[in-house]
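Q: What follows is each chain in one-letter form.
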Amino acid sequence: MTAVKLFLLVVSLTALSFGGGNSLLAGLERELVGPGVITPSQFAAGVALGQATPGPLAAFTTAIGSYAAGWTGAVAATLGLLVVSWIAVQLIARVPKAWFSQPAVRSGLGAVTPYAMGLVLFLAYRIVQAGDHTRLLAPAGIMLLVIVGRLLKAPTALLMVAGVLLGMLVQGTGLAGW
Amino acid sequence: MGRIWRIAKLGFWLGATVFGGVAAAYPRVRERAAELGDITGEEVDGIYALAVLLPGPSFLNLVGAVSGRAGGMIGALVGQVALLLPGFVLVMLLPILLRISYFSTHSNGALNGAIWTTAGLLLATGIDQVRKLKSNLQRAAVFLVLAALLLGAHPTLLLVLVIGGGALAGSILTQKKAA
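Which chain is which? The protein sequence lines are A and B, in order. Under numbering that gives the first Met the number 0, think of the first position of the first sequence as 0, with each following residue one higher. Under numbering that gives the first Met the number 0, think of the first position of the second sequence as 0, with each following residue one higher.
One chain only, chain A, in its complex shape (with noise of 0.2 Å):
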């Protein structure tokens, strides 16, 4: 697949992709495993690629567009977002400062607070739910270090080094079956 084709693909996949970059997901699997643009088992690495750096989960998006085609497929599939984004971001721009102090919608908004909270800890739920259960005490170890480094106010960059050391320590000194 060309570089345009997979920018024109992306552009039209984000534009109809509401409630955040996963909705992308099916729409991008359909488009380019179906065919045979890219492989299922370079989908699943594109989508833990996505999971596993910082930034926007859509980060997948990149590392499928680099293995469908190479790095001008990653930039063409990351522009594809960008575009869309910034788009869509000119309208919430322009809505008036004034807006925001409305008693209806600001006690309509004082209820996001709660909801992103909640959101949090089901995200936390689903990537824990995702992984794998044959193992339990060195996962829960090393989320209860991050848990307590991040209560102490340690870096997250800083935090997810360890975690992804301690990861590989516990592949490779067999702990991994615990």
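Hints are not guaranteed to be accurate.
Only pairs whose alpha carbons sit at most 25 Å apart, straight line, appear in this in silico BS3-like list of lysine-lysine [unchecked claim]:
(1) B:K133 - B:K175
(2) B:K176 - B:K133
(3) B:K176 - A:K152
(4) A:K152 - B:K133
(5) B:K131 - A:K152
Hint data in this document are derived by calculation from the structure and do not stem from the laboratory.
Based on the hints, put chain B in the right spot on chain A.
A: What follows is chain B alone, placed relative to chain A:
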């Protein structure tokens, strides 16, 4: 120029340190939006709701909208490019790193470690934010949202219901007070 530089720095920082998508990013953006200028927490709440409802990745929409309110169309573009940059570089570098023999044999472990760390970071963010909520009613609302999601509610539809319910309750209370 100073404002655009601050937008780029904030976008890059969010792109390099926030794991777990928009839900994990929202409290961080709310904390730091004031650095970009006259943006209130209330405004960020509204931007967050709209960012989730618009097409495109919600995290990218959120940062673009906050940057756009602070720095116009150029600000939005700078904020979004800065946000995407760390992930782009890492996504391009990680497969190369995984081909090096040591990392190759331990790549599964590294990936699992990253996933468990992401889950831990999200849990810690959730616990920290619930602790900071001002009322027990809000804390109860968090667990109601969590229960609804666990029971299979669609996140976007649930957000619409939450905002609509909050607005309705607020209007009724305001009318009662006025009466």
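Q: With reference to the structure, classify each hint as holding or not holding.
A: Consistency of the hints with the structure:
no., hint, in the structure
1, B:K133 - B:K175, "holds, 23 Å"
2, B:K176 - B:K133, "holds, 22 Å"
3, B:K176 - A:K152, "violated, 42 Å"
4, A:K152 - B:K133, "holds, 21 Å"
5, B:K131 - A:K152, "holds, 15 Å"
Of the numbered hints given earlier, the model fails hint 3 alone.
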